[in-house]
Structure formats: C-alpha cells, structure tokens
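Peer 1: For reference, the chains in residue letters:
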Amino acid sequence: MLLVFFSFQGKRAAKDEASQVRVWIVGLGLIFPMVVLAALLAYGLVVGERLLPREGANVVSVHAQARRWEWTFTYDDASEQETKGTLHIPAGRPVNVAITTTDVIHSFWVPRLAGKLDAIPGRTNILRIEADSPGTYEGTSAEFSGAGYDGFTFQVIAHDPTQWDAFLKGELNEGS
Amino acid sequence: MKALERHRKLTAIWASEPGIRGWFSTVNHTDLGRMFLVTAFFCFMVGGLLSMLIRAQLATPHSAFAGPEIYNQIFTMHGTIMMFLFAIPTFEGLAIYLLPKMLGTRDLAFPRLTAYGYWCYFFGGAMLIFSMLFGIAPDGGWFMYPPLSNAIYSPGINTDFWLIGITFVEISAIAAAVELTVSILKYRAPGMSLDKMPIFAWYALVTALMILTGFPPLILGSVLLEVERVFGLPFFQADLGGDSLLWQHLFWLFGHPEVYIIFLPAAGIVSTVLPVMCRTTLLGHGWIIAAAVALAFLSFGLWVHHMFTTGIPHMGLAFFSAASTLVAVPTGVQIFAWIGTMWKGRPELHLPMLHILGFFVTFVIGGLTGVMVAVVPFDWQAHDTAFITAHLHYVLFGGFVFPIFAGVYYWLPHFTGRRRFFHLGELAFALVFIGFHVTFLAMHWVGLLGQRRRISTYAPEDGWTTINLISSIGSFILAIGIAMILIDVILHALTASRGRRNPWRASTLEWAMMTPAPAYNVASLPHISSRDPLADDPDLAVRLARGKGYLGDPGKGWRETLTVDIASGRPDMHVIYPANTRLPILMSAVTGVFFLSLLLKFYWTVPLAILGVAALAWKWVWGLGLRDDPGMQPIGHGIELPNAAAVERSPGWWGTVFLLTANATFFGSLLFGFAFLWTVAPGWPPPVWFAASPFALSIGLFGALIGPIAMRLAVRKNRRGGSAVPAFVVAFLAALVLTISCSTMMLRTPAPSDHAYGATLFVLGGYGVFHAALAALMICFLVARVLHGFTSPARRAELPIVGLWVDYASIIGVIVLISGHLPGLVL
Amino acid sequence: MKDLLRILIAPLMWLALFSAVYGLHGLLCNLGITSTALGFPLPRILLVVAYVIAIALQGMLLLLLYHPRIAARSPFVRHVSHVTGWTGLVATGWTLLPVVLMSNCT
Numbered sequence: 001m002l003l004v005f006f007s008f009q010g011k012r013a014a015k016d017e018a019s020q021v022r023v024w025i026v027g028l029g030l031i032f033p034m035v036v037l038a039a040l041l042a043y044g045l046v047v048g049e050r051l052l053p054r055e056g057a058n059v060v061s062v063h064a065q066a067r068r069w070e071w072t073f074t075y076d077d078a079s080e081q082e083t084k085g086t087l088h089i090p091a092g093r094p095v096n097v098a099i100t101t102t103d104v105i106h107s108f109w110v111p112r113l114a115g116k117l118d119a120i121p122g123r124t125n126i127l128r129i130e131a132d133s134p135g136t137y138e139g140t141s142a143e144f145s146g147a148g149y150d151g152f153t154f155q156v157i158a159h160d161p162t163q164w165d166a167f168l169k170g171e172l173n174e175g176s
Numbered sequence: 001m002k003a004l005e006r007h008r009k010l011t012a013i014w015a016s017e018p019g020i021r022g023w024f025s026t027v028n029h030t031d032l033g034r035m036f037l038v039t040a041f042f043c044f045m046v047g048g049l050l051s052m053l054i055r056a057q058l059a060t061p062h063s064a065f066a067g068p069e070i071y072n073q074i075f076t077m078h079g080t081i082m083m084f085l086f087a088i089p090t091f092e093g094l095a096i097y098l099l100p101k102m103l104g105t106r107d108l109a110f111p112r113l114t115a116y117g118y119w120c121y122f123f124g125g126a127m128l129i130f131s132m133l134f135g136i137a138p139d140g141g142w143f144m145y146p147p148l149s150n151a152i153y154s155p156g157i158n159t160d161f162w163l164i165g166i167t168f169v170e171i172s173a174i175a176a177a178v179e180l181t182v183s184i185l186k187y188r189a190p191g192m193s194l195d196k197m198p199i200f201a202w203y204a205l206v207t208a209l210m211i212l213t214g215f216p217p218l219i220l221g222s223v224l225l226e227v228e229r230v231f232g233l234p235f236f237q238a239d240l241g242g243d244s245l246l247w248q249h250l251f252w253l254f255g256h257p258e259v260y261i262i263f264l265p266a267a268g269i270v271s272t273v274l275p276v277m278c279r280t281t282l283l284g285h286g287w288i289i290a291a292a293v294a295l296a297f298l299s300f301g302l303w304v305h306h307m308f309t310t311g312i313p314h315m316g317l318a319f320f321s322a323a324s325t326l327v328a329v330p331t332g333v334q335i336f337a338w339i340g341t342m343w344k345g346r347p348e349l350h351l352p353m354l355h356i357l358g359f360f361v362t363f364v365i366g367g368l369t370g371v372m373v374a375v376v377p378f379d380w381q382a383h384d385t386a387f388i389t390a391h392l393h394y395v396l397f398g399g400f401v402f403p404i405f406a407g408v409y410y411w412l413p414h415f416t417g418r419r420r421f422f423h424l425g426e427l428a429f430a431l432v433f434i435g436f437h438v439t440f441l442a443m444h445w446v447g448l449l450g451q452r453r454r455i456s457t458y459a460p461e462d463g464w465t466t467i468n469l470i471s472s473i474g475s476f477i478l479a480i481g482i483a484m485i486l487i488d489v490i491l492h493a494l495t496a497s498r499g500r501r502n503p504w505r506a507s508t509l510e511w512a513m514m515t516p517a518p519a520y521n522v523a524s525l526p527h528i529s530s531r532d533p534l535a536d537d538p539d540l541a542v543r544l545a546r547g548k549g550y551l552g553d554p555g556k557g558w559r560e561t562l563t564v565d566i567a568s569g570r571p572d573m574h575v576i577y578p579a580n581t582r583l584p585i586l587m588s589a590v591t592g593v594f595f596l597s598l599l600l601k602f603y604w605t606v607p608l609a610i611l612g613v614a615a616l617a618w619k620w621v622w623g624l625g626l627r628d629d630p631g632m633q634p635i636g637h638g639i640e641l642p643n644a645a646a647v648e649r650s651p652g653w654w655g656t657v658f659l660l661t662a663n664a665t666f667f668g669s670l671l672f673g674f675a676f677l678w679t680v681a682p683g684w685p686p687p688v689w690f691a692a693s694p695f696a697l698s699i700g701l702f703g704a705l706i707g708p709i710a711m712r713l714a715v716r717k718n719r720r721g722g723s724a725v726p727a728f729v730v731a732f733l734a735a736l737v738l739t740i741s742c743s744t745m746m747l748r749t750p751a752p753s754d755h756a757y758g759a760t761l762f763v764l765g766g767y768g769v770f771h772a773a774l775a776a777l778m779i780c781f782l783v784a785r786v787l788h789g790f791t792s793p794a795r796r797a798e799l800p801i802v803g804l805w806v807d808y809a810s811i812i813g814v815i816v817l818i819s820g821h822l823p824g825l826v827l
Numbered sequence: 001m002k003d004l005l006r007i008l009i010a011p012l013m014w015l016a017l018f019s020a021v022y023g024l025h026g027l028l029c030n031l032g033i034t035s036t037a038l039g040f041p042l043p044r045i046l047l048v049v050a051y052v053i054a055i056a057l058q059g060m061l062l063l064l065l066y067h068p069r070i071a072a073r074s075p076f077v078r079h080v081s082h083v084t085g086w087t088g089l090v091a092t093g094w095t096l097l098p099v100v101l102m103s104n105c106t
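Residue numbers (the numbering used here), protein chains in the order written: chain A, 1 to 176; chain B, 1 to 827; chain C, 1 to 106.
Treat the hints with care, as some may be off.
[Claimed, not checked] For each label pair, taking beta carbons as the anchor points, the in silico distance ranges come out as: (1) B:818 x A:18: 53 to 61 Å; (2) B:722 x C:31: 50 to 58 Å; (3) A:46 x C:55: 22 to 30 Å; (4) B:818 x C:93: 31 to 39 Å; (5) C:30 x A:77: 51 to 59 Å.
Since the hints were made in silico from the structure, they are not lab data.
All residues carry an ideal CB built from backbone N, CA and C; glycine is no exception.
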C-alpha cells in the first residue's frame, strides 16, 4: 500500500528496465512471497498434524448422527445412553467424535473445542475434540441443509470425572 | 477513393439492419459485445437488488422480512446471477467488443456463433430470472450440494431451473471461448506476432482456454444430477453406489478455476489501463504473461481446498494447501509488476486510475485472507462462516468489479465517442469504496465471531446485532454508489459533447478508429511492427482510413478479412464472413425449446427440438460453401492469399479443435467420475457386472478403426480429383456400426437405476452413441456437399473438419466400449 | 501452435503429475495397504518414488526447453517458456512435498 502511495511522489532518477524487473518482479514478486508462504504453510501443516485423531489409551469414543434438523449422540462407554441435541463428554480427556448422517450433508462444529468436520452420506468422519475444563459449549451444524438450517444447533457439556461416571451409569439428572 | 466514400461503401457492406430488427439479425461483434455488456449489467443490478434484500434481512435479529424458504432462494439466486449471468458474460461482452479492434481486424472468427452464444445466454438467463419472479427459484445454495439438491430433499422444480438454466447459459460460455481462442490465435493484423500481441489479448486467450477446460466438469455434473433427479440414476446416492462427494469434486473442479476465469480478464484490464494512466509501458511484459499462464494452471490444482472439512486424509489436504499458498506467488508477481509500472511512470489520477487503486487495496486484502484460509487448521474454523463470504467478496468485487469499472470508464469514450461532462464518477467511486469496505470488513469480523453463512436470522444474544447493522448500512452506501455510476454512465451516453479520438493517448489499436466504432472497425488492416503501434505512429488511424493498409478495397461487396500464422503473424488465409441472419436467434430459440421441454417434462417435444437443432445446424453450415474455386485473393501490397475454403486448416478446423478440447475435458471428467466412484465411493463393488459380449465389442472396435482410415482415403481421393463418395460410404457404415455397438452397451447395462455402476455405463454408452451418430450425420452432409458440387480438389476445407469428428468419435468409442466390456471379461 | 505449446507444456505437466500423485494417494488409502518394505510402509515408498519421478520429469522438460534445438526461435516465447518451465518444476517440488512430510491416510 505504501509502495502504491509513494509512486505518486516526486520522480527518482530513471533506472534501466532490467534492474527494475529484478527488484520488482524477482525480488518482491517471487522471493518475498515464497519465503513468507513457505513458513506459513509449514506452520499450518504442523498444527494440522497435531490436531489429527490419533490412537491413545485415554481416548473416549462417541458417535454423532445428524439428520434434518437434530443431532443424536451415542456413547461407546455406555451403550444404553442416547442423547438428542446434547453431547456429554468428560473434560480434560481427548474425545473422538464419529460423525455420520442419515440424510443430507451436515457439519459438526463446536467453535471453542475444534474446527468443523462434515457428515457425509455413506461415510464416517472422525473429529478429535477436547474440553480443558467442565462447562457447556455451544455447537452448530455448519453446512447449509435447507429450511430448518437457522436453528440447527446443539450443546456439548463437559463433565468432571465424577459427573462423567454418573452420566455413564445413567444417574446424571438433567439440569445438574 | 476518398476516406468518406470508402466509409460509406464499407458501412453498406457491414452494417446491421436498421432499428430494432437489427438486434435480432446482427452478427457484428460490436453490436453483440454491447448487447452482452448491457444484459450483463442488467443482471448485475438484479443480483445487487437481491444482495440488498439479504442485508435487509440480516440487519436486525429475528428479522421477519423473509422466511427461510424465500431467503434461501434470494441468496442462491444472488450467487448464481453474479457468477453465471454477470461476471462471465461481462468478460465475454468486453472481449467480444474489444478484441477484433485491439488485434486490428474486422470481426471475430465465427460471427454467427457470437450471436448464437448471446441468445443462449439471453434465453437461459431469462429462464432463471423468471423462475425468481414466480417464487420457484433454486434454493439449495449456489453450489447445489446433493443430496440436499436431489429429488428426495428438493422435490420441487426449483433445482431443475438451476441445472437446466445454467447448462443453457454455459453453451454461450463455451461458444464464446472457442470463438475467442480462434480469433486471438488467427484473426490478427498482419505482422502481429505473439510477442506484439496486446496484453489484454493474452489474458483473454488464457481465460478462454480456461473456460474450455474448466466449464465441462460443471456441465457434466449438472447433466448427471439432472438425470439423477428425473430418471433416478443414482450418481450421488451413497446407498446405491453413488457418492455425494463426486458432485463436490466436479463442482469445484469447475468452481476454483472459475474464480480465476473471473479475475484474469480483470487483470488484463488493469495491465492495459494502468500503463496508459502512468504514461509508460508495462513492466515485465513477458513475466506477466508467464504469471497469467501459471495462475491458470495452478488454479486447476486447488479445487479440494473448498472441501477441507469433508474428511479427506490430511496428506491429501496438504497437497491442496500447498498449491493454494503457491498460487499467491504468480498473483504477487503481477501485483508487484503493476506497482513497479507505477514507479516507472508518472501516475495521473483519472477516474479509471481511482478504480484501479480501489482494486489494489481490496484485492490485496482478499489475497491475504485467501492465504489465511489456505492454511488447513484455520479453514476448519472459518469454513462456511461469514468470514468466507467476506473473503470471496473481497476477491471477486476487488478483483473483478473495480477493474471492470476502471475498464468501463476507460473505454466509455470509445463506446460513445463522447467526453465526460458530469463528474459524478469520483463521488460514486468514494461511496462504492467506503460502502464496500464497511460492509465486508464487518462481515469478516462477524464471521470470526461464529456467524455461519446462509442463515436467515439470528438471536440478539448471539452478539452480532451491531456488526450486522453496520454491515447493512455499508451495503446501502455501496448500492447508492453503484446507482450513481449507472446514472453517470447513462448521462454520459445521452448528453456529453463529442470527444476527440484517443482521449487517453493510448498505444493500442482499438483507438485507431472512429468512435463510436464503425461496423467494419478499420477501413484497411494495419501492418504491425511493435507492441505499441499507436505510440510509434500517431497518424496510423488516418492512413488506415485512407485505405493504405491491407484489404482497403470494398469493391467486391464482401465482408472480408484475413488470418495470420499463429506464431509469426504472417498472413495466411483470406476469409469472407457470412452476413446478417436470423439463424442464430432461431437456433438458440429451438435449443431453448429443448431445455424447456426437459424442465417442464414435456418429453414428446424433446426429440422434435433435437431434430430442429440438427436441421438448423445443417442449414447453418450449408450456407457457407462456394460453387466455384475461389482462386488466390489479392489483399493489397502485392500479397495474394488462398481463400479459407481452399486450405487444409480452415478457421472451422481450428474451431473444431478447440471445441473438441472442451468436449474431451467433458469426457475426461466422466471417466474421472467413473474411476472415483469405483475406488472411493462406499457401496462398491456393484451387485452384478456388465455381461461382456466379445462380438459387440469387436464389431465396435472394428468400426472405430475403419472410420478414420476411410476418412483419410476420402481426403486423399478428393485432393487428387477423384470421387470421395465410396470412401464416405465406408466411413458412414463404420460410424453406424460403432453407433450400434455403443447402443447395445447402453441397453444391456445392468439396471441403471439400481446402482451407480450401471448408471455410469449407461451415460458412457449414451455419450458414445451421440458422437458416433453425429459423425455419421456429418458424413451424410459431406456426401450431399459433393453431390451438389461444393467440393473440388481446391475447395477441400470441409473434409478434414469432419475427419476430426470421426477421429474423436472413434477414440472415445474405443474407450467407452473397453471400459464397459473389460471388467466383465477380466473379473 | 508449437510456440503456444512450449509456453503451456510445463504447467500442464505439473497438473497431470499433481493429479496423478493425488489419485495415487487416494487409491492407496482406499485400498488400505499396510505392508512394509525395507522397514518403511509400502504406500509411503510408492508415493516418494512417484514424487522423485515427477521432479525428474519436470527437470528434464526444463532442460529440453533450454535445449537450442527445441527452444523457440522468438526470444519472447523463449523467455516466457523458461519462466513457465521453472514454474512447473517449482510447483512440483512445492505442492507434492507433503508426501515426504505428512502422515498418511488420517
């Protein structure tokens, strides 16, 4: 921007075209962006690798099934539990969410816990999320799905270890 | 002959019919370019009104302005109109209007095709806009993801309007791209070699080639989805062997190059206008061309970055993340070359320059947010939020609308021959610039706060109310600014005083003529010996008007021009254009009947429409022939050229090559879809494989082998003065055999509506049948031409054209048959 | 036409190689191959080999574009084709680098 501004200012001694090409095109046009972009790309890829759902002993597995316009959550650790619109997870432990859909494409997104991942018909996508502290986190479906898309939201409740045990046993009261 | 007398004679030859009748029969590129531009700006206004409705809806929480059903139509149509009915046709219109003038010739390669393309755009666009007036417009978002857009979740006619209307409009894009490519490569002034070609022509060439290879995947996707919706062939249904991700691949295989198809012409305008505004030449001409080429190709390797959240493996994402960052480099080269040009020259702040500065600021910000979303983890958060909407508006408005406004103000004196009188434009620019940035900076912010795109309302406790209100106020300032530009342009056209020729003291050839431009452009064609012909020779215009160039003698009453060798610019053919005709509008109307019948499910009119198109196409090409050998044609300065009917590689041959390039991309996308479903889709392998028939396969392969051989024999026989008819008969029978073999494959394919495997084979077979039958029909045409005395050893141009189609039908026929039969033979 | 081809060929080749390696990656992931050779996972070896071949092909093409018998006669076309040739080579090295760095199929 500044360069554009200064081009209107007084005239410098004219340089020959070849050296101008070297400065503007090779220097500022090629080398400068490539250095910056390489650094940025490397950073992005490293962070992306870290966010991948890797195996681990401590990992909790849950399932999120979308349909217009409701999420249904089931839990590997408690097969009889099924919740609609609210996902319960333990705080402080990594959680793998297996995302599926029964109708159109949806997207599972809890902005404060992780990025989004789509629910694609016929596929299961696995998203790693982790809540640092107990609490309620807002989530939305982030892929346009027709007339009921506006209100297509859900909640994630992260529990401390005792409450999580209570939830798994089916002893957790709603509202606690 | 005096210049005025020559002007009168040439005008009598080239002019369109007077009055309104002329609109329907004109084939002149100046008329059609203007018609394209006016129609496209009308669509811009419609799309702009829709965006006002969107901003009105989102200005306050719990808005009761429009319900989701209406709102979904509004934002879908806003995106669709701006992309398909505004941006692409604006490029087409500007290129159609300008290119022959910049290249120093009289018209584009195929004048009737220009008109056909325009009317396809007009009728297709009208279909879409009418659907909106009746409240049955598409409502699935402008990228129409299935399964949401399939017959189960979108049962209404809305989606069909999109799929059929857009395909109809795309015909005009393909037609224009073929035409522009051939025109830029062949229809130039003598002496204009590749290095002397104006920079805008380079950008237009790259863009046209991108349209030829970028649009076919979308056309294929639309055809497949429409076939799925109507006949239930499950290409995109996961439980029947299809895959909804196939649509996303096909759509973005088109959709990302589309962004650069929109940006590159705008960059061409900047590269043309900026040096004139800075009173210098463009810095790094060759570098900029190389950057445009690099950008064009890199943009085809980015499509998956729209699909970062679909669960593709991280390494796959990393490829596209890397490519998406790399694409910023050629963009950076161009930006710095432009800034370097400004340093090199003495910038003058005329109105076009203001818009170019607006472009710099806006596009650079859009590029930076673009690099941000190219980083995968960031995109996982930002994807499908208002941040993306804001980013794409910075890129498209900054990268297209500002340069187009710069171009409009730069070439306005050329369109009208007048001088600017009211200075409304500066104020309008300020409003547009401020309004735009207020609107979309706010939208970035609210997107980062988590507002999803495409929601019709939100709650006050979301905390987005103030920002949305600011954004809406900004959008209304923007709208007022654009309305003022419109008023400014209309006032200019109606009231301003006559201006002088070449008001900007530009160096390109479009200013070497009267303004507004006469129907024939230049009274005689210049000889070009540098990149800046008008700077070297300010009196060029006068000399051309006096007939000192090539083809300055209007005595024969032909619409004539010449073509050049691609690389060197040496003249190589003499061309006589067809005159005014209503055939293009008639043919596009019948094409429209075909699409409308599909849309309204009047299936009995579909074959009638196909027959109608075939009959009109026959009449179209029939009218071109010569009954006598044309001989060598003098073009002045002692040079004689052969007529285009008496060469091996006529303009029609070149047009066919590029049309077949687009066609091959379409076929390649179909094969990609087949391979993708086979390897990636859930629900494979299919329950039954196609029962291979060695007999049907071998006669089909035999036909595919014999056809091209017979056509080559026919060409040779004709050149030696013998009768080509026996060889034509053999080629016809071979094409017929290939047709039959492909149609048995189509009919025997296992239950197309039960599994995507059968469905894909059905479409592959249909593609083979269509091309083999088309080749057979073309051979019949040649036989009729021979029998009516339209061919001779000299008049041979039509034979190799049909030869290309026969070759193409044979190649795709072999691939189709093998991909159908081989699994049954091997597995 | 040949001059045009000289300008377009290198990025076209990049596009073909890029698509081919991406396709190979997708295919290997969908086949779910887990066998190893020489202590490395087989898919990784195949991808790296493809990467090396791709770079070698682009490098050879660039040498051809500089070769006096193949290079264009017009200095302008020669310059543009050299820049696009380098573009092809750099793009291949840059965009396919993830085959060496990234984890496979997750």
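Peer 1: Now tell me if each hint is right for this structure.
Peer 2: Each hint, compared with the structure:
One distance hint, 53 to 61 Å for the beta-carbon pair residue 818 of chain B and residue 18 of chain A, holds here, with the actual separation near 54 Å. Taken as a hint, the range 50 to 58 Å holds for the pair residue 722 of chain B and residue 31 of chain C, whose Cβ atoms sit roughly 57 Å apart. Evaluation of the 22 to 30 Å hint for residue 46 of chain A and residue 55 of chain C yields a pass: the beta carbon distance comes to about 23 Å. With their beta carbons about 36 Å apart, residue 818 of chain B and residue 93 of chain C fall inside the hinted range of 31 to 39 Å.
For residue 30 of chain C and residue 77 of chain A, the Cβ-Cβ distance of about 30 Å falls outside the hinted range of 51 to 59 Å, so the restraint is violated.
In terms of the numbered hints stated before, the structure departs from hint 5 and from no other.
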